[in-house]
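Numbering-wise (our numbering), the sequence shown opens with residue 1 and increments by one.
One should not assume that every hint holds.
[Unchecked claim] Simulated pairs of lysine to any residue, SDA-like, Cα-Cα distance not exceeding 20 Å:
| # | residue 1 | residue 2 |
| --- | --- | --- |
| 1 | Lys242 | Glu58 |
| 2 | Lys124 | Phe139 |
| 3 | Lys185 | Glu211 |
| 4 | Lys225 | Phe259 |
| 5 | Lys86 | Asn114 |
| 6 | Lys53 | Pro75 |
| 7 | Lys35 | Lys257 |
| 8 | Lys218 | Asn240 |
| 9 | Lys252 | Gly97 |
| 10 | Lys110 | Pro75 |
| 11 | Lys218 | Leu183 |
| 12 | Lys225 | Glu178 |
| 13 | Lys27 | Met1 |
| 14 | Lys141 | Gly97 |
| 15 | Lys28 | Met196 |
| 16 | Lys252 | Glu211 |
No lab work stands behind these hints, which were simulated from the structure alone.
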Amino acid sequence: MDKRLGAQLYTVRNLMKTPEDFCDTMKKISEIGYKTVQLSGIDNSIITLDVVKKGVEEANLEVICAQNFKPNEFPNDIDMIIDYYKALNCNIAGVGGGNNEMRDNMEGLKAYINQYNTIARKLKDNGITFTYHNHAFEFYKLDGKYIMDYLIEETDPDAFGFVLDAYWLSFAGIDPTEHIEKLGKRCKIIHLKDMMVLPAQNKVEMCEVMEGNLNWDKIIAACEKAGVVAAMVEQDTCVNGKPLESLKISYKNLAKKGFC
1 MDKRLGAQLY TVRNLMKTPE DFCDTMKKIS EIGYKTVQLS GIDNSIITLD VVKKGVEEAN
61 LEVICAQNFK PNEFPNDIDM IIDYYKALNC NIAGVGGGNN EMRDNMEGLK AYINQYNTIA
121 RKLKDNGITF TYHNHAFEFY KLDGKYIMDY LIEETDPDAF GFVLDAYWLS FAGIDPTEHI
181 EKLGKRCKII HLKDMMVLPA QNKVEMCEVM EGNLNWDKII AACEKAGVVA AMVEQDTCVN
241 GKPLESLKIS YKNLAKKGFC
């Protein structure tokens, strides 16, 4: 696995509203120590391809993976998306989850799988791997089987990969280590965020890596064994309300373990 730890930019989505803010945020991420990023959480009409290239190049960052296009854009604008990825020298594409129709409906799920099998194969023909990013709903059962199992079993293993999220797997009651091992080389990217208990509310919340209860030694070892391409630190929400500070805490914790 690439030891150049990455930052999932959805974490800092509120700090990338203008071209100037995007470039400034890329520099701050680089200053923390991150070497790579996953593109996400931007408005493509404002943070254009030229802005992205300028921001990452000036900050000496590499775009390993990008999930900045909506699911409906892939079938409608696939050629444009391919050109976009090639311009960034990025060979891992993806979507951040499925559509509403596939969440609790077998017909909708089958339609989604058929559509994205075709998309994934076209991307593969252009040197790009498609990936699907899980949350928790993929572990709802349809006809006695997890949605995730249909996605694994009925998609092209040579073209359709996965971005696994350690937090959301745990939230759904799934052991991240076992699921990484199950997917093997189809797991291209791992999202690292931890889960802490809020005792007063008796609930769980996202937190910085190694500040919560997930077993990172086992998770990271499983990633390395499976041949995961890269790890991206992500927090959908930050307990401290400071996403850059959260990225810094996670980076320092992982660095202490010799991960980056």
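We went through each hint and held it up to the structure:
1. Lys242 with Glu58: violated, 23 Å
2. Lys124 with Phe139: violated, 27 Å
3. Lys185 with Glu211: The hint is violated at about 28 Å.
4. Lys225 with Phe259: The hint holds at about 14 Å.
5. Lys86 with Asn114: Given pair lysine 86, asparagine 114 is violated - Cα atoms ~25 Å apart, limit 20 Å.
6. Lys53 with Pro75: This hinted pair is violated, its Cα atoms lying about 24 Å apart.
7. Lys35 with Lys257: With a Cα-Cα distance of about 17 Å, the restraint between lysine 35 and lysine 257 holds, given a limit of 20 Å.
8. Lys218 with Asn240: Judged against 20 Å, a Cα distance of about 27 Å means the pair is violated.
9. Lys252 with Gly97: Violated, because 29 Å separates the two Cα atoms, which is more than 20 Å.
10. Lys110 with Pro75: Within the cut-off at roughly 16 Å; holds.
11. Lys218 with Leu183: Cα-Cα ~16 Å, so holds.
12. Lys225 with Glu178: Holds: lysine 225 and glutamate 178 sit about 12 Å apart, inside 20 Å.
13. Lys27 with Met1: violated, 24 Å
14. Lys141 with Gly97: holds, 16 Å
15. Lys28 with Met196: violated, 26 Å
16. Lys252 with Glu211: holds, 11 Å
Of the numbered hints listed earlier, those contradicted by the structure are 1, 2, 3, 5, 6, 8, 9, 13 and 15.
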